[in-house]
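Once you've looked at the hints, dock chains B, C and D against the given chain A.
Residue numbers (the UniProt record's numbering), protein chains in the order written: chain A, 1 to 259; chain B, 1 to 259; chain C, 1 to 259; chain D, 1 to 259.
Read the hints as simulated data drawn from the structure, not as lab findings.
Wrong hints could be hidden among the right ones.
Below, in silico cross-link-like pairs of lysine to aspartate or glutamate (EDC-like), each with a Cα-Cα straight-line distance of 20 Å or less [stated by the list, open to error]: (1) K111/A - E63/B; (2) K10/A - D259/D; (3) K111/B - E63/B; (4) K122/B - D39/A; (5) K95/B - D76/A; (6) K113/C - E171/C; (7) K119/A - D67/A.
Protein chains: 4
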Amino acid sequence: MANSKFEYVKDFETDDRLPRCNWIVVRIDGCHFHQFSADHAFEKPNDENALNLMNACAVSMLEQFPDIVFAYGVSDEYSFVLKEASQFYQRRASKILSLTVSYFTAVYVMKWKEFFPHKDLKRPPFFDGRVVCYPRAKIIRDYLSWRQVDCHINNQYNTCFWMLVKSGKTEREAQEMLKGTLSKDKNELLFQQFGVNYDKVPAMFRKGSCVYRDKVEEIVKFDESRNPVRRIRKKVVLGHFDIIGPNFWHEHPEILEED
Amino acid sequence: MANSKFEYVKDFETDDRLPRCNWIVVRIDGCHFHQFSADHAFEKPNDENALNLMNACAVSMLEQFPDIVFAYGVSDEYSFVLKEASQFYQRRASKILSLTVSYFTAVYVMKWKEFFPHKDLKRPPFFDGRVVCYPRAKIIRDYLSWRQVDCHINNQYNTCFWMLVKSGKTEREAQEMLKGTLSKDKNELLFQQFGVNYDKVPAMFRKGSCVYRDKVEEIVKFDESRNPVRRIRKKVVLGHFDIIGPNFWHEHPEILEED
Amino acid sequence: MANSKFEYVKDFETDDRLPRCNWIVVRIDGCHFHQFSADHAFEKPNDENALNLMNACAVSMLEQFPDIVFAYGVSDEYSFVLKEASQFYQRRASKILSLTVSYFTAVYVMKWKEFFPHKDLKRPPFFDGRVVCYPRAKIIRDYLSWRQVDCHINNQYNTCFWMLVKSGKTEREAQEMLKGTLSKDKNELLFQQFGVNYDKVPAMFRKGSCVYRDKVEEIVKFDESRNPVRRIRKKVVLGHFDIIGPNFWHEHPEILEED
Amino acid sequence: MANSKFEYVKDFETDDRLPRCNWIVVRIDGCHFHQFSADHAFEKPNDENALNLMNACAVSMLEQFPDIVFAYGVSDEYSFVLKEASQFYQRRASKILSLTVSYFTAVYVMKWKEFFPHKDLKRPPFFDGRVVCYPRAKIIRDYLSWRQVDCHINNQYNTCFWMLVKSGKTEREAQEMLKGTLSKDKNELLFQQFGVNYDKVPAMFRKGSCVYRDKVEEIVKFDESRNPVRRIRKKVVLGHFDIIGPNFWHEHPEILEED
Numbered sequence: 001m002a003n004s005k006f007e008y009v010k011d012f013e014t015d016d017r018l019p020r021c022n023w024i025v026v027r028i029d030g031c032h033f034h035q036f037s038a039d040h041a042f043e044k045p046n047d048e049n050a051l052n053l054m055n056a057c058a059v060s061m062l063e064q065f066p067d068i069v070f071a072y073g074v075s076d077e078y079s080f081v082l083k084e085a086s087q088f089y090q091r092r093a094s095k096i097l098s099l100t101v102s103y104f105t106a107v108y109v110m111k112w113k114e115f116f117p118h119k120d121l122k123r124p125p126f127f128d129g130r131v132v133c134y135p136r137a138k139i140i141r142d143y144l145s146w147r148q149v150d151c152h153i154n155n156q157y158n159t160c161f162w163m164l165v166k167s168g169k170t171e172r173e174a175q176e177m178l179k180g181t182l183s184k185d186k187n188e189l190l191f192q193q194f195g196v197n198y199d200k201v202p203a204m205f206r207k208g209s210c211v212y213r214d215k216v217e218e219i220v221k222f223d224e225s226r227n228p229v230r231r232i233r234k235k236v237v238l239g240h241f242d243i244i245g246p247n248f249w250h251e252h253p254e255i256l257e258e259d
Numbered sequence: 001m002a003n004s005k006f007e008y009v010k011d012f013e014t015d016d017r018l019p020r021c022n023w024i025v026v027r028i029d030g031c032h033f034h035q036f037s038a039d040h041a042f043e044k045p046n047d048e049n050a051l052n053l054m055n056a057c058a059v060s061m062l063e064q065f066p067d068i069v070f071a072y073g074v075s076d077e078y079s080f081v082l083k084e085a086s087q088f089y090q091r092r093a094s095k096i097l098s099l100t101v102s103y104f105t106a107v108y109v110m111k112w113k114e115f116f117p118h119k120d121l122k123r124p125p126f127f128d129g130r131v132v133c134y135p136r137a138k139i140i141r142d143y144l145s146w147r148q149v150d151c152h153i154n155n156q157y158n159t160c161f162w163m164l165v166k167s168g169k170t171e172r173e174a175q176e177m178l179k180g181t182l183s184k185d186k187n188e189l190l191f192q193q194f195g196v197n198y199d200k201v202p203a204m205f206r207k208g209s210c211v212y213r214d215k216v217e218e219i220v221k222f223d224e225s226r227n228p229v230r231r232i233r234k235k236v237v238l239g240h241f242d243i244i245g246p247n248f249w250h251e252h253p254e255i256l257e258e259d
Numbered sequence: 001m002a003n004s005k006f007e008y009v010k011d012f013e014t015d016d017r018l019p020r021c022n023w024i025v026v027r028i029d030g031c032h033f034h035q036f037s038a039d040h041a042f043e044k045p046n047d048e049n050a051l052n053l054m055n056a057c058a059v060s061m062l063e064q065f066p067d068i069v070f071a072y073g074v075s076d077e078y079s080f081v082l083k084e085a086s087q088f089y090q091r092r093a094s095k096i097l098s099l100t101v102s103y104f105t106a107v108y109v110m111k112w113k114e115f116f117p118h119k120d121l122k123r124p125p126f127f128d129g130r131v132v133c134y135p136r137a138k139i140i141r142d143y144l145s146w147r148q149v150d151c152h153i154n155n156q157y158n159t160c161f162w163m164l165v166k167s168g169k170t171e172r173e174a175q176e177m178l179k180g181t182l183s184k185d186k187n188e189l190l191f192q193q194f195g196v197n198y199d200k201v202p203a204m205f206r207k208g209s210c211v212y213r214d215k216v217e218e219i220v221k222f223d224e225s226r227n228p229v230r231r232i233r234k235k236v237v238l239g240h241f242d243i244i245g246p247n248f249w250h251e252h253p254e255i256l257e258e259d
Numbered sequence: 001m002a003n004s005k006f007e008y009v010k011d012f013e014t015d016d017r018l019p020r021c022n023w024i025v026v027r028i029d030g031c032h033f034h035q036f037s038a039d040h041a042f043e044k045p046n047d048e049n050a051l052n053l054m055n056a057c058a059v060s061m062l063e064q065f066p067d068i069v070f071a072y073g074v075s076d077e078y079s080f081v082l083k084e085a086s087q088f089y090q091r092r093a094s095k096i097l098s099l100t101v102s103y104f105t106a107v108y109v110m111k112w113k114e115f116f117p118h119k120d121l122k123r124p125p126f127f128d129g130r131v132v133c134y135p136r137a138k139i140i141r142d143y144l145s146w147r148q149v150d151c152h153i154n155n156q157y158n159t160c161f162w163m164l165v166k167s168g169k170t171e172r173e174a175q176e177m178l179k180g181t182l183s184k185d186k187n188e189l190l191f192q193q194f195g196v197n198y199d200k201v202p203a204m205f206r207k208g209s210c211v212y213r214d215k216v217e218e219i220v221k222f223d224e225s226r227n228p229v230r231r232i233r234k235k236v237v238l239g240h241f242d243i244i245g246p247n248f249w250h251e252h253p254e255i256l257e258e259d
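So here's chain A without its partners, still in its complex pose (with noise of 0.2 Å):
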């Protein structure tokens, strides 16, 4: 009432529901995260307890938000899949980003002291995202090869950087010496050079993660004869596969089921 002289300023506000029928990617980044992983001296190139805080992370905001039902990670970024169908907000794409972003860095910052109990947090990590619809599971799938080849590229080539400069190259020597190289050739620069067999390299820094809910058969109580009761639940779990061939999704159909 008293308020309705100024209230005209609601009307600049506009309707962001994003289309039905669409599964909805929210895609979160870190924020100069090159910066922020040298303050806090992150391991090169793969840092495995800050990739443990990002999973924890992850693994928090599919128990928090029932409609996600997939997330890939890699590096400093996540990609969460909404389902088609969700009606969550309203499907409006500002709340959906703002607060699943907002989640994730809640829980970034709570947990940090768990993978990290002897660095202090120098500076506040925040992340940027952004929402996108895709019309079919099949493009999904697409969005997350993309997602997961791009993985690939950059951890072979970080491994290879790294272990030139480790080595004693300047970092602008690596850069030279890996300008072009094909990624058997790369392959072969671990091997020869370093002994490393790159398909031995932990399957997190190679395949990234993934997060989604599978059945798994827990024990839920004793029976009076003390024998173990079963039951099939539903649990948030992680893993590192491969998901651009066609085995994963077979095996979990119902992940990525249309309407």
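Coordinates of chains B, C and D only, in the frame set by chain A:
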């Protein structure tokens, strides 16, 4: 290259740059803060520490993002005004929204212990946000007035409500007693029943909080005769003013200066 | 060059490309056609010439714009479906909307005399339009069903209404008599009072009109022995079918074929 | 009711209302008018009849749509400015775009014979359009200046080009001769080679056309002594003015008056 087969998925991203020559407001709002403040036993109707934490986050925001020219906060909500000519991330709405909300959240969690040294965070605090464009400085003033009127109405109501509850009424009884009362009735009630002069309630509760940059004279060093050398500096400051009337804006014309 | 000082105004234009992998529907609707049809004494409830003119315009549309794969029209409304993979004007919504509406309008005025040789156009006929994206062929079918159900409901009602009015009822009386009647009541009324079997009403009135490309055998020339040489050609055709059930679509699977 | 099963398809329609407190420009542009003007043997570089027809359409537009406060046209293009506070179709972009383009097109075809009594329309003329928002009157003036500078540059070039071609040069030769020339070079060429003073070229060609409402004194009736009774009326008028400089706008301050 190797990636090109999947890269078409980028085409689904939309261009969300906000129109030029518009002031940009990001309004951040606590998500499920009713529950959050109950979990952390915030004082009713206003928890001074919680408000001070919100304000500290807002100050950090202006220190981090130079394009924010003004912020106004009340309760678990904060509005940030970006200058009309801002080119921050080319004015892309998702970038602006996500990283400001994320930064605010990170600071909130990091500074929690400063303001609540004896309370642990029990769950991640998180915020949603929205971005709105306003084509005139005059409308930004109306926007801010809208928020401050809201602050006034809510705070006056809540002050009465909690006074009644603390005096022994049930929440339902308090609600019934306030139904249909006007502003002056509530002032009367506060004064008659509780001896409270509403105008003496702390300005932070009644007026909300303003954060902006102001010229501040600072001693920057001492000269050889040990006399202080003063400089005028722009500094982020906090205050609790009436921003509906013209006075504040007359005194700070540079804040909403149009191109 | 000389122009650069003002060229910044182009920055206010927005990118309105429609998302890929979505069928595009342009629905055109007569503006103030209630008045327009009164001014030109269109027959009630259906003016055959006016519908034939609309259909002729739709045929011209498919001949002019190869990306339109199907059109459905009823009364002064026509929906045009552009194929999912269309790259017509890079899928820019304004371009697609404006030029299709404009072309339709131009043809309408140019062909008027063909269908109304004895009536002059008294005022400019004009149409509004909208563009909507649909992510699945299945939803396009639902969209078209929605329009055809509307056609049925309106035509059955209007047939009854005008029969009553022509038989001497006032418009208000006719309206009252039809209030709350079901489909079968209306059929009964038509049969009992006017001896009209609704199923014998021309299909164009009951079903609306479909325009699409079909394989048609044509005589393209005569060989030396004067025997006709036939070729299968794709030709724009018009029909009045049920498009809610599966038959039409089973017979024409190529129309809504997904990528 | 019966329809509800399919009505969900309406949810795919988006809310496209344009932001308040913004001037709205609809710019209409001939589609394939290069071909269209060749087919109808338009004179080069300017066909007076074709321009007069465009202008007549623009006048009709202002007569039909009261929210259009100004129109500026050049060649086969016309810009229509809707007043800042317009609530025309609740400012829905598709409605505004489609029905203005459609109305313009209908009038173009209907008035063709008036301006080309000896030429038949050989194909449907059609136009595309776009809608752009501008938050200040000052920017609308810059927008209009942008179009008028364009008019000047194109017309001066085309005048030279066609003079050269008519004097016997090939189109390629003419193009070569004009490459890199400045404005004053072109004026010189016109004067030296063809005795043409560019400033004497008709203003409609050099300046384009402005359509707006102006106060006009009209005789509305004659009193009993047969003396004329005059009234000041607002009438749609057409002129060819400089709209880059301030004079026109000083003389017509009401056209772009801000709220």
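So which of the earlier hints does this model not fit? Hints 1, 4, 6 and 7 not satisfied by this model.
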